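Engineer: Here is what each chain is made of, one letter per residue.
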Amino acid sequence: MAGQSAGSGGRNDDNAMRFSLSDPTFRAIFWQVVVVGIVGFCGWWLISNTLTNLATRGFTTGWAFLSREAGFAIGETMIEYGPQDTYGRAVLVGILNTLRVAVIGIVLATILGTLIGIGRLSKNVLVAGVCSTYVEFIRNLPLLVQLFFWWAMFQDSLPGPRQAIEALPGVFLSNRGVKIPVPADHWIHAWMGVAFLAAIVASYFMARWARVRQAATGEQFPVLLATIGLLAGGPLVVWLIGGAPVTMDWPVLRGFNFQGGLTMTPEFAALLVGLVTYTAGFIAEIVRAGILAVPNGQTEAASALGLRRGPMLQLVILPQALRVIIPPMTSQFLNLTKNSSLAVAIGYPDLVSIVNTTLNQTGQAIEGIAMIMAAYLTVSLSISVLMNWYNKRIAFKER
Amino acid sequence: MANANAAAMDAAGGIGESKLMAWVRANLFSSWANTALTLVVFYVVAKAVFFFGSWGIFNAVWIGTSAECRAAKGVGACWALFPEKWRFILFATYPFDEQWRPALSSAIFIGLYFFSAMRANWNLRLPIAWIAGLGTISVLMWGGVLGLSFVPQERWGGLVLTLILSTFGLALAFPLAILLALGRRSHMPVIKSMCVVYIELIRGVPLISLLFMASVMFPLFLPEGVSIDKLLRAQIAIIMFAGAYLAEVVRGGLQALPKGQYEAADALGLSYWQATMMIVLPQALRLVIPPMVNTFIGLFKDTSLVLIIGLLDILNAAKVAVADPQWRGFGPEAYFGVSLIYFVFCFAMSKYSQRIEVELNRNKHR
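Residue numbers (numbering that gives the first Met the number 0), protein chains in the order written: chain A, 0 to 398; chain B, 0 to 365.
Everything labelled a hint here was simulated from the structure, so no lab data went into it. All the pointers check out, no bait thrown in.
From the derived model, a few chain A residues whose C-beta atoms are all more than 10 Å from chain B:
#1 Phe-64
#2 Ala-189
#3 Phe-257
#4 Thr-298
#5 Gln-313
#6 Ile-393
Covered stretches of chain B (in silico footprint by chain A; criterion: 3 or more residues with CB under 8 Å from a CB of chain A, positions within the stretch not fixed):
#7 37 to 45
#8 185 to 192
#9 221 to 234
#10 342 to 354
Computed from a predicted model, the values in this text were never measured in an experiment. Ideal placement from N, C-alpha and C gives every residue a C-beta, glycine not left out.
Take these sequences, add in the hints, and give me the full structure.
Structural biologist: Structure below.
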């Protein structure tokens with residue numbers, strides 16, 4: 000049977016597709032065509048409705064509005080912006096504001112979350128109890144409630160600038176926000192940044208060199224210490240060469256408000272505090288699970304090999320814990336970034352809030368929502384790609 | 000560690016004075032560093048407890064007018080807000096004389112949750128209870144029959160709105176999630192890629208953007224003259240959102256199921272849907288009950304986002320309550336009150352998820 004049609008150029012009857020639902024190949028194609036048909040029809044129906052509605056309401060679609068004058072002011076901006084600038088620039092301001100709160104938030108949430116996660120495993124019952132209570136509370140309350148709470152604290156419960164609370168020397172809390180002293184502008188700061196970047200590059204090459212040398216000679220090199228030294232020392236040396244300027248820009252009360260120093264508006268402060276404390280609760284659980292996931296035998300085996308505590312952590316425990324920690328951690332970073340969109344509820348001018356104003360003014364709803372989705376999707380998908388690459392790299396190399 | 004110590008001490012016949020001291024020394028003051036840590040944490044905790052005690056209890060205004068609250072501002076909390084505003088926070092703009100109806104509806108919802116949590120009821124009784132319960136709730140909320148006056152959806156609000164959004168969000172997202180998860184595991188490339196695109200797209204954007212889409216774009220999608228109200232639009236956005244997240248949880252269960260189960264079902268000659276309904280899903284869903292409850296908690300918390308498109312859920316009702324000029328400035332107290340309600344629901348769910356995880360695992364290890 001099988002050989003019948005072989006070589007004749009005809010189809011083999013056994014593999015031929017029969018036009019019947021009992022044939023698996025035909026069934027698969029049939030159902031896919033049906034599903035595509037239904038989805039396509041719904042899509043076409045929605046789009047044609049939308050086009051008719053847009054036409055009857057007299058909206059013009061397109062991106063031309065991005066180059067029109069925005070006409071609204073934005074409370075805090077990282078780049079020059081005024082009401083006479085375009086919508087496009089306003090959206091850019093929003094993207095930068097989102098990235099600002101996300102990046103600072105991720106760094107702080109990771110530090111706080113790791114501390115709390117380790118604290119929950121502490122043998123000190125008081126520390127463990129405080130950390131557990133924190134995690135239980137934070138994780139079981141909606142972020143939005145927490146944001147409102149912090150915002151109300153900053154707005155309603157803090158005194159005005161004249162009675163501002165001085166939390167630390169030079170750090171003032173008032174209902175106008177948080178004031179922090181910063182080093183006064185100095186040309187050397189730019190060069191310190193350059194030195195820091197140079198130190199990153201140098202540490203990368205140093206780590207490579209150390210690996211090659213260890214493979215060749217077996218000699219170890221204290222890479223971690225040297226990296227910390229480079230990163231801290233490089234900018235420090237540049238600072239000393241620049242004459243070690245120590246002038247600080249202190250916030251000073253003048254009239255009804257503070258002058259000088261770095262300002263965190265109440266909105267930014269509330270959003271940052273809310274996002275950091277909320278996400279830290281989740282990160283703490285991830286860190287704890289990661290540490291618990293490394294079996295005790297690993298620690299014992301490492302001691303049996305004669306490793307001291309430092310190398311044991313660095314070579315045995317951490318690589319295994321990180322394998323468990325990093326994937327869920329990245330999704331927490333993504334969550335923090337997406338959650339920063341709640342800024343719209345407390346008036347911090349992030350991307351969503353600015354696009355919301357834009358679409359209310361111009362009526363360009365579809366374009367506005369497409370911009371928001373595209374921006375977040377870009378971040379999410381690029382992090383997913385990075386994650387997949389990383390997961391492949393660290394996956395167990397099984398025999 | 001601490002538990003082990005305590006258990007050992009209990010076994011030795013109660014905690015004596017010296018044993019207590021030994022326990023304290025082992026757990027709080029075992030080394031210099033540990034002692035320092037204990038003292039610092041103790042100082043911070045004591046300070047916080049002292050502050051909340053004086054602000055929230057001793058100097059608080061429990062009953063009184065907003066003027067008395069203002070006088071105590073900064074010194075004591077204003078709990079007098081709640082005797083004044085609790086009806087608005089719980090029921091929002093529902094007609095005042097009819098507010099027993101949302102109250103009873105909320106009670107039925109909570110009763111249904113308890114009923115569903117008991118494993119003894121995981122059979123035919125469950126759908127019957129839900130159909131009866133939801134039927135009663137719709138009669139109560141809408142009215143218009145049995146002598147109840149009709150109340151349009153625009154006036155619904157408060158706790159019952161939060162419960163409606165999360166319950167229907169879940170109930171309708173669930174079948175969607177199962178279809179998406181099965182689709183993502185399917186061998187048909189077109190169906191698989193459509194499911195992947197949907198799931199990744201929804202999971203990649205914030206819920207807010209979906210709610211915005213629901214509020215400004217859904218009206219454009221519909222033919223001329225047809226309109227859907229705000230509550231339904233928000234509900235659809237929540238279902239779409241929850242569906243994608245639940246689908247990933249269900250997929251986890253499908254992947255964790257041993258391959259032999261699929262093969263055995265094929266060997267029995269079951270069709271795809273027979274195998275899925277009778278063999279695969281019952282086992283796969285059972286595996287993922289704990290993460291599913293965690294998704295429920297997330298969804299319950301996320302329903303608070305509907306305030307951004309102007310629905311009066313319990314959080315928005317509290318926000319509106321403190322926007323009243325008389326009570327302006329008492330936001331922390333109002334949000335604290337609402338937090339308690341959210342906390343009770345979420346904490347109950349998370350404890351339930353931990354318990355059921357232990358129960359299911361006990362089954363497995365036998």
